[in-house]
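Student: Each chain, letter by letter, is given below.
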Amino acid sequence: MFYRETGNFRASYAQDARIFPLALDRVAILVLLALAVLVVPSFASNWLLMAILIPWLILSLAAIGQNIITGYTGQLSIGSAGFMAVGAFACFNFMLRIDGMPFLLAVLLAGLTTALVGVAFGLPSLRVRGLYLAVATLAAQFFIVWTLENVGWFTNYDPAGVMTAQPMVILGYHFASPAEKYLLVLAIVALLALAAKNMARSNIGRSWMAVRDMDVAAEVVGFRLMRTKLMAFAISSFYCGVAGALFAFAYLGTVEPSAFSILLSFQTLFMVIIGGLATILGSFLGAGFILLLPIFLAIFFDFVTGGVFDKALLSAFEVLLFGAFIIFFLIVEPHGLARLWQVAKERLRLWPFPH
Amino acid sequence: MSDTGHPRNPARRDAARVLAVGAAALAAPMLSAQARPQQYIGLPSYRVGPFAAAGSAIFGGIIDVMTHVNMTGGINGVELVWQECETEYIPARGIECYHRLLTWGAHRNVIFEPLSTPMAYGLLGRLPADRVVIPQFGFGRSDAADGRVFPWLFAIMTNYWSGASAMINWIGAREGGMERLRGKTIVHLYIDNAYGREPLPVFRALAPRLGFTLVELPVALPAGLEQGAQWTRIRRENPDWVILWGFGPGMNSTALTSAARMGYPREKMLGIWWAGAEDDVVPAGPAATGYFATAITPGGRDFGIVREIERVVYGAGRGNLADRARIGSVYWNRGLAMGSMWMEALRTAQARFGRGQVMDGEQVRWGFENINLTDARLRELGLHGLMPPMRLTCADHEGAGVIKVMQWDGARWNIVTPEWVSSDRAMVRSMVEESAARYARENNITPRVCPA
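Taken in sequence, the protein lines are chains V and U.
In terms of the working numbering, the first sequence opens at residue 1 and continues consecutively.
In terms of the working numbering, the second sequence opens at residue 1 and continues consecutively.
For the record, the hints were derived by calculation from the structure and aren't laboratory data.
The beta-carbon is built from N, C-alpha and C at its ideal position, and this holds for glycine as well.
Take the hints with a grain of salt, since some may be wrong.
Unchecked claim - Output of the computed footprint for chain U on chain V, the stretches with three or more beta carbons under 8 Å from beta carbons of chain U:
no., segment
1, 48–56
2, 190–203
3, 255–261
Given only the sequences and the hints, what does the whole structure look like? Please build it.
Tutor: Below is the structure:
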């Protein structure tokens, strides 16, 4: 009853092609954005901003990148953390070696650098598929991290290999406080998410999905396989690169290869699987689930049990519960949380009526 | 509410007691009747993950010291309260814990010890704004010893550069004199991350100066279990000494069993103090016998504070360790030493800024910078033999730069250096100042001017 499609008329092609065809959806998104921009920075604590919202936004961006290559194009890639590392180090080096480099330009160049690297490591996708491609991207992950650790030029010959990220200055304004960092990250992620959504809905997205569904048929129909697959790798790596640069500059504050380990690659893959393959909303939901659920479990257990139980036991139990949640969600809805949301909307069309 | 030491032994608990204690724990925050002023410290512990053995023992030791202080009247009447936050040794979780532990009700955190070099690096920038001290006891950035560039970061007792220099000094003494090192080969077998690479500048500087050949053998992350290639190379090179720089039972015990398999004598191996605990050698079994390891805080029960805490805290059933057999272990003793340093810093701060009052971040930092642990004071605290006499100042955030060496005999660690082995302090200090100056330049920090 509440989620109605009646009364929404389209008078032009532009209106027909909107991302949110229902007025209700449009209003909801605008309200959400208004809350995110106006209310959250003023009222949220530093912990909420620095430890919850900023990493969630950044990892959602990485998950969008992962979704583009794995969800939309069907190419299994376990190298996203390596590409994030490329983005972080590229941004760091651009800002270090070019005097007066603006931060946003450095991020853009870092994304483009990562896109080039992504294309290079995406070349195997033209010959191999599935698990074998996964292994090739795994090689990318390890090779990238190894190179960044052992070729001293990338770390400016720092003996420890851990560099402090430069301050983020745009047009003379220094984004230092958690609220400012949050707004910057929100702006970048919102813009890139919008771009990804539009790409997915347009010809390029359809070419990706054609390759995912049956690449031989796609080639027969006229899609250029090499161009499509490499474009997918390039754009996905761009997103991962920008996410990596933000991860190092706006979240961790340090640029080091060990922050971009294989663990992070698996995490982004799980984010898109749990969130929903081939959806943009799924990237956000999956990132929230994988990143935030362990934290909330920890806080919840701490609150409920006080100091009674052995801390080590409690920590181990949280990890166990987290795994159980993953299994539960995948059984209940194998298509991910985004599909759960879609089903909820379908039900809301009728609710509270039975038919 | 605060972990004021509830019984850990499950065998002794019964349901009613659990409920009662749970209800009290839940109700405690609401009981705002503060009979004593409370000093709050946030503990980013790790009790899960590959380094859980070290984390649980060290943080257990710290909590035991604080429990003991609370049981004996607090610090001039100020009670200690703490909150733990599990980081699992993951830097991102460490940052989240830092922010979560920063405030607790009306309290503000003053000391944050992540016990992890990557986390310390990551939080460096936030410390002046949040006014939190990272003590870094025996780990972390070596150049934090220069307090003029890093006012909120310390490298208490010994940093890695001093440790590396002291290890070479001990090896030289063992060989019969530093001049006997000429022509010898020393292998640095290290885990390939920032921690493992930390001593390289010192080793590389000492090698040409003292005339020994340095062979660097990194071991791949994450756990450092793949050491076959490295040990084949060691067998070929047949070095005079192998310095083991690992962390965690996986890498360390694998190194010892590999050495046994290759026939390399364990008596020619010297481990860093994170490769010299019971958890590192026991899994290797008989392969570990004869292995030397450095200790910034040796193991053993023969120290005043160990006996005191066992008697008072564990006697009352309020000890933090689940397994009492770990009392006197290397890592637990280290936790005792760390906790005692924090208490000493608080006492020093209170002596200056107000006895019996809660100290804020700036005052605690001053307290750390003015710690003066003389021999007499160490004996008073029961730390004699466990820690060296040391004095921290505004410019010197290290204080000692010494180590002890222990040897594993199959059942326990025996201290082979009754006196503390010192490092080449002049050389290390010049390297520290150079590195700190470089950091200050790169990050536009103006070093403080310390009173002479």
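Student: Could you work out which of the previously given hints the structure breaks and list their numbers from low to high?
Tutor: Result: hint 2 breaks, nothing else.
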